[in-house]
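K.L.:
Given next are the chains, with one letter for each unit.
Protein chains: 4
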Amino acid sequence: MVSTESRTFRVAVAGASGYAGGEFLRVAARHPALEVGTLTAHSNAGARLGALQPHLRSLADRVLEPTTPEALAGHDVVVLGLPHGASSEIAAQLPDDVLVLDLGADHRLVSAADWEQFYGSAHAGTWPYGLPELIHADGAGSVAGTQRDQLAGASRIAVPGCNVTAVTLGLQPGVAAGLVSPVDVVAVLANGYSGAGKSLKPHLLASEGLGSAVPYAVGGTHRHIPEIAQNLRTAGAPAVSISFTPTLVPMSRGILATVTARLAPGREDATAADVRAAWADAYSGEPFVELLPEGQWPTTAATLGANTALVQVALDAAAGRVVTVTAIDNLVKGTAGQAVQAMNLALGLPETAGLVTEGVAP
Amino acid sequence: MVSTESRTFRVAVAGASGYAGGEFLRVAARHPALEVGTLTAHSNAGARLGALQPHLRSLADRVLEPTTPEALAGHDVVVLGLPHGASSEIAAQLPDDVLVLDLGADHRLVSAADWEQFYGSAHAGTWPYGLPELIHADGAGSVAGTQRDQLAGASRIAVPGCNVTAVTLGLQPGVAAGLVSPVDVVAVLANGYSGAGKSLKPHLLASEGLGSAVPYAVGGTHRHIPEIAQNLRTAGAPAVSISFTPTLVPMSRGILATVTARLAPGREDATAADVRAAWADAYSGEPFVELLPEGQWPTTAATLGANTALVQVALDAAAGRVVTVTAIDNLVKGTAGQAVQAMNLALGLPETAGLVTEGVAP
Amino acid sequence: MVSTESRTFRVAVAGASGYAGGEFLRVAARHPALEVGTLTAHSNAGARLGALQPHLRSLADRVLEPTTPEALAGHDVVVLGLPHGASSEIAAQLPDDVLVLDLGADHRLVSAADWEQFYGSAHAGTWPYGLPELIHADGAGSVAGTQRDQLAGASRIAVPGCNVTAVTLGLQPGVAAGLVSPVDVVAVLANGYSGAGKSLKPHLLASEGLGSAVPYAVGGTHRHIPEIAQNLRTAGAPAVSISFTPTLVPMSRGILATVTARLAPGREDATAADVRAAWADAYSGEPFVELLPEGQWPTTAATLGANTALVQVALDAAAGRVVTVTAIDNLVKGTAGQAVQAMNLALGLPETAGLVTEGVAP
Amino acid sequence: MVSTESRTFRVAVAGASGYAGGEFLRVAARHPALEVGTLTAHSNAGARLGALQPHLRSLADRVLEPTTPEALAGHDVVVLGLPHGASSEIAAQLPDDVLVLDLGADHRLVSAADWEQFYGSAHAGTWPYGLPELIHADGAGSVAGTQRDQLAGASRIAVPGCNVTAVTLGLQPGVAAGLVSPVDVVAVLANGYSGAGKSLKPHLLASEGLGSAVPYAVGGTHRHIPEIAQNLRTAGAPAVSISFTPTLVPMSRGILATVTARLAPGREDATAADVRAAWADAYSGEPFVELLPEGQWPTTAATLGANTALVQVALDAAAGRVVTVTAIDNLVKGTAGQAVQAMNLALGLPETAGLVTEGVAP
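Residue numbers (the UniProt record's numbering), protein chains in the order written: chain A, 1 to 362; chain B, 1 to 362; chain C, 1 to 362; chain D, 1 to 362.
Any given hint could turn out to be false.
Each pair may be met inside one copy or between any two copies, as identical chains are not told apart.
Unchecked claim - Pairs of lysine to any residue, SDA-like flavour, derived with a Cα cap of 20 Å: (1) Lys201 - Val110; (2) Lys201 - His42; (3) Lys201 - Gln296; (4) Lys201 - Ala45; (5) Lys201 - Leu52; (6) Lys198 - Ser6; (7) Lys201 - Val143; (8) Lys201 - Leu349; (9) Lys201 - Ser43; (10) Lys198 - Ala217; (11) Lys198 - Pro66; (12) Lys201 - Gly50; (13) Lys198 - Gly153; (14) Lys201 - Arg48; (15) Lys201 - Thr8; (16) Lys201 - Gly295; (17) Lys201 - Asn44; (18) Lys198 - Arg276; (19) Lys198 - Tyr283; (20) Lys201 - Ala270; (21) Lys201 - Ala217; (22) Lys201 - Ala47.
It should be emphasised that the hints constitute simulated quantities derived from the structure, not laboratory data.
Please take these sequences and the hints and turn them into a complete structure.
P.N.:
In structure tokens form, the structure reads like this:
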């Protein structure tokens, strides 16, 4: 049974014709405290939403307006599902007392140098980071809290990247507990195509993707790398190095992140039970992150449409590595659901309002 | 925004480890007036639900009991997601004042002869048919109402077959309006694999299904044929003949039904506008069946996880046929969502309670 | 074991960066009597073939030239894998004594009126039609031969459309035998995405196609309709009408065509054995078209990469229709393999040279 | 153009109804020096091959015999596509002068201890290992040759595992050159479902696999691990440790192996050019293993049906790791094509006889 909230917040979505904006609307349409206001788009301004997002039946007759500060005015919440660069530009023109959720990368990184190296443009500044479960720790076993403590009352939130969410949630318990080394981490991901957005590129055609597995951004070039490192530092890592390889596989949604790390120096005698305990402790109270029972491994199908992250961990003693696997829906816990979760915290709503944990499977 | 109901109904699900039972639980977990009670299974009795339905996080720790009348006692609603034959056997042992929803075929057909011909066993009797949008008409343009009128207060409901739902919703407006002939109908369906259930058969392996299109039950043998004919008769057809061919295609969920019928004798001069008007009239007030704007064709992805049926119709004058295409999620509008919709009507709840119209797409 | 031919023919391919041209090259690379000469492209001129067709390892270092008559000169065979309109333009500039295979539609239709209605441009004239198994009959049971008789020594060949091939091969035996009516035929196809080519359109993205079934060109608008009708007339139909609906399903290659037709007037008492006999007779000697054993239905996976058409037929007496299902690989028997088969006949080579009947499955 | 051989070898296939046996037959049917003899099966004995392997048209009428030494007698080559344990049992009963190709694992491992640890049964002995490109080196830059030198005249060949082939080919150049460390290697693979065979297990159903990514054998338990280590030792590694995680993704065929390793101690200053040079040197003369041009990454689709391994390598200086990605078709270069390649060498045929390098794409 769901409960409802008494107060209603009016939300505008910029970039409502894209996958991130569309997914926010899918969740918002069933959120007990949200009322969907203005929807905007760039090249699709003037179109019916139903022509572009045919799955959003309850909003099908809405007409998209051009993305301007004026169109976005008069709302309690503004969601930006815009290309990198565009969100910081429009955000700068929005009032301070409106809650702005940026689904893009513009305000995620603390380090301007990281931003400039990976994005090649001027840094737009840093916003509170919208990953509620991010552990704040010193890496020596002392945990100060989670990122949700930073989100109450926030008026600007940088929603994390989808790959970043999967890798961070998979590995951070071990880092925070000082059990695994954040140096020489290796992450390989299986990614659904919706993560690449609606851009018309030859390698994103169905004819190319069906029946194939396709790596991209191999060799340390992916823009999510500095964001992962930033998170692991928050979780207690003094220094981070990570080999990160995403792979497109024939599914529309989902990320399965296999992340391995060596046992930390001095912890080489850790047992499988020690490892499991660290992960279990980290997530025991979390509503959306779940350590599966021993021996059961996550699948992306189990998270489809849900705000769930499913995590499993094992110790490969022969390899000297802890292996974690995390499954999320890249558009929900990886984007729009995460945004709603952070928004709930910022607005003082129950953290789980409007979010489901039941995936659409099989 | 969703609203809630004040009264709560306790529901038991027999066959909770299967796809139909699991999908009912997915919907029930978010229904404002349902409380999930006992869950039962056959060979999986004793197992945690989370081990078998890993996507249903909020119910993961429930333990499955054996399917017995005793286990199912003490509930307001009992859902039967059981093999053909098994549901009528257990249903006969349930009290009269409990609402029983049979997701299987046992009680759908009015004609015992049809049942015996297609199922090869004794007929268990007929229950009120759970397709609320089914039109009751005389085939000469006079519409008496819809099946929802029969469902208020019902204590037994036979939930329709998934293919049947798609074909009936696609074609019935033309039949009810006397515009198309119910004789020599041709239906070809693209079907997702979840429609075949969890049975372990070689042709249902992923290795066989991926990259392939696979017809089955070709040539008039499919058990859904008499049920379609029964529905079209309710919609006003004096006699029905239909060529029906389902085809497995590489998706987990979804039915795309292409159904064509000739213009009725005497209506050969009907225009495209006449055709469109008949369909628009039939579905103008329906919350879950939508005639798409002209020129936009349904896709199954747009219905994933939603209780929506998307319909489009065109007149192919050169071929002398009306062509309709209907998309549904076979497990939602084709099974569990339909069951909830009928249950809502039976219990006096709002017809849309607990059901969404937003699909999980892309 | 394969045998080789002594003489070698040099072949140029215009449009070598597209799917049709690429597939011709895949087959040509293993053809015992072909030597691959010049490869041309339009916007991709100057590129290495390996960058665009990474699967064609033996030709990876070839560089694409611009598509001009000069570049194509000096070959025995020229293959045109070009957009409609472009092939007739370049073909007009090629010498008469070169064998030209047009993989596009420009020269398929006999009727200029049909061409103008469905393609909206001036008709470029008609070439010998490259479907060797096309039956020439009078529709009263008298068969004059097949289209392969027309191909020996031809210097221009119009290679059939992929959907046309599947529908024609499925239905023509019944038409030629006078057993089924070519009026009120209904065809519904499950199509892989490679049939849509490499064009960058939103609905062809993997994110949109994965997990979905998507109809297109519904209601009598598809350009393959007049070509199917033309073939059925060749097979003996006095008049043809057909409802034709293609459906994109999540596979890269393959067409599964479900085609139904009524028993012909006067033949309503035909038995299942009569029907089977007509199909068995038609294809008993064919190397690439196979009527499967009774009860076994075609799947597209079984034809992947092969020049095979798998056909099955049943009589649905209750519906009064014969139902046929045909599976082909749209790029092989539907395009490039068919072109090679026709070329072999034109050049006096064994019809099967360079073609395989073993599909790449599972 | 292909050339043919004058002598013909008669081949029997045990396990012809399985995926490995079927794939061997697909290749054998077009091999210029092979004649397909007896086909055997276990539970499918007595069936037509066409009923079980409908894609193998040229062999469809062959009837499967029970797998016995008598049925396999009188052939030049016997191929064993049998479960682990079964192949060693039958192999022990075959004459010494017959070439036996074991597609299973029974005779791959040199170490009986490894065998017993990972397979839990008695070791059947070691056969010459059928990976022709396996480098024999001392790990200090001195290369003695490749495994193909061991295969001429062999009468028993243990064909490598599919995952093993992908990982070995991806990493061995760096190991042989002493450039990367074989300690703390991390391999994550995207795997098609045919690698799991035809066994009827719930997680192998299409309904479960479509739209999902599914890890298995995580944490150091996969049986291919000791075989990979054995190969890397042959390539010069003094000691090996590897974290190995396979992942089922929604494709029928293909392996994409992402393998990373640290730069070897003392080689931390190696440049990207040094890395590329090591891989280029290793594979410059190989007919089936190809280092792609810089910046182009392998996809599994490009290898479908071909005996090709496509390899790319990059240096991630920030992570201190070399990253390699290798794509193969698990049933061709991973199984049956590899077997034919090794057989060609054993029989003195051209190594490439009967094998293609052109994949069936898109």
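K.L.:
Indicate, hint by hint, whether the structure satisfies it.
P.N.:
Here's how the hints hold up against the structure:
Proximity of Lys201 and Val110 under a CA criterion of 20 Å is satisfied in neither setting, with 31 Å inside one chain copy and 38 Å between copies. Taking identical chains as interchangeable, the C-alpha atoms of Lys201 and His42 lie at most 20 Å apart whether they share a chain (19 Å) or sit on different chains (18 Å). Taking the shortest alpha-carbon separations for Lys201 and Gln296, only the inter-copy value of 16 Å comes in at or below 20 Å, while the best intra-copy value is 37 Å. Taking the shortest Cα distances, Lys201 and Ala45 sit within 20 Å of each other only across copies (19 Å), while inside one copy they are farther apart (22 Å).
Taking the shortest Cα distances, Lys201 and Leu52 sit within 20 Å of each other both inside one copy (19 Å) and across copies (13 Å). In this assembly of identical chains, the alpha carbons of Lys198 and Ser6 never lie at most 20 Å apart, being 37 Å within a copy and 43 Å across copies at closest. Within a single copy, Lys201 and Val143 get their C-alpha atoms no closer than 44 Å, and across copies no closer than 43 Å, so neither meets the 20 Å cut-off. Taking CA atoms no more than 20 Å apart as the test, Lys201 paired with Leu349 passes in neither setting, with 40 Å inside one copy and 41 Å between copies.
Taking CA atoms no more than 20 Å apart as the test, Lys201 paired with Ser43 passes in both settings, with 17 Å inside one copy and 15 Å between copies. Taking the shortest Cα distances, Lys198 and Ala217 sit within 20 Å of each other inside one copy (18 Å), while across copies they are farther apart (23 Å). Taking identical chains as interchangeable, the C-alpha atoms of Lys198 and Pro66 lie at most 20 Å apart only when both belong to the same chain, with a minimum of 18 Å there against 31 Å between chains. Only between protomers do Lys201 and Gly50 lie at most 20 Å apart by alpha-carbon distance; the minimum there is 18 Å, versus 24 Å within a single protomer.
Taking the shortest alpha-carbon separations for Lys198 and Gly153, neither the intra-copy value of 33 Å nor the inter-copy value of 47 Å comes in at or below 20 Å. Taking CA atoms no more than 20 Å apart as the test, Lys201 paired with Arg48 passes between copies only; the shortest distance there is 19 Å, against 25 Å inside one copy. In this assembly of identical chains, Lys201 and Thr8 lie within 20 Å of each other by CA distance neither inside one copy nor across copies; the values are 40 Å within and 39 Å between. Within a single copy, Lys201 and Gly295 get their C-alpha atoms only as close as 40 Å, which misses the 20 Å cut-off; across copies the closest is 17 Å, which meets it.
In this assembly of identical chains, the alpha carbons of Lys201 and Asn44 lie at most 20 Å apart whether taken from the same copy (19 Å) or from different copies (15 Å). In this homomeric assembly, Lys198 and Arg276 never come within 20 Å of each other (Cα to Cα): the closest approach is 39 Å inside a single copy and 32 Å across copies. Taking the closest pair of Cα atoms, Lys198 and Tyr283 never come within 20 Å of each other, the shortest separation being 34 Å inside a single copy and 32 Å across copies. For a Cα distance limit of 20 Å, the shortest separation of Lys201 from Ala270 qualifies neither inside one copy, at 47 Å, nor across copies, at 35 Å.
Taking the closest pair of Cα atoms, Lys201 and Ala217 come within 20 Å of each other only inside a single copy of the chain (15 Å); across copies the shortest separation is 24 Å, beyond that limit. In this assembly of identical chains, the alpha carbons of Lys201 and Ala47 lie at most 20 Å apart only when taken from different copies (18 Å versus 23 Å within one copy).
Checked against the numbered hints given earlier, the structure breaks hints 1, 6, 7, 8, 13, 15, 18, 19 and 20 and satisfies all the rest.
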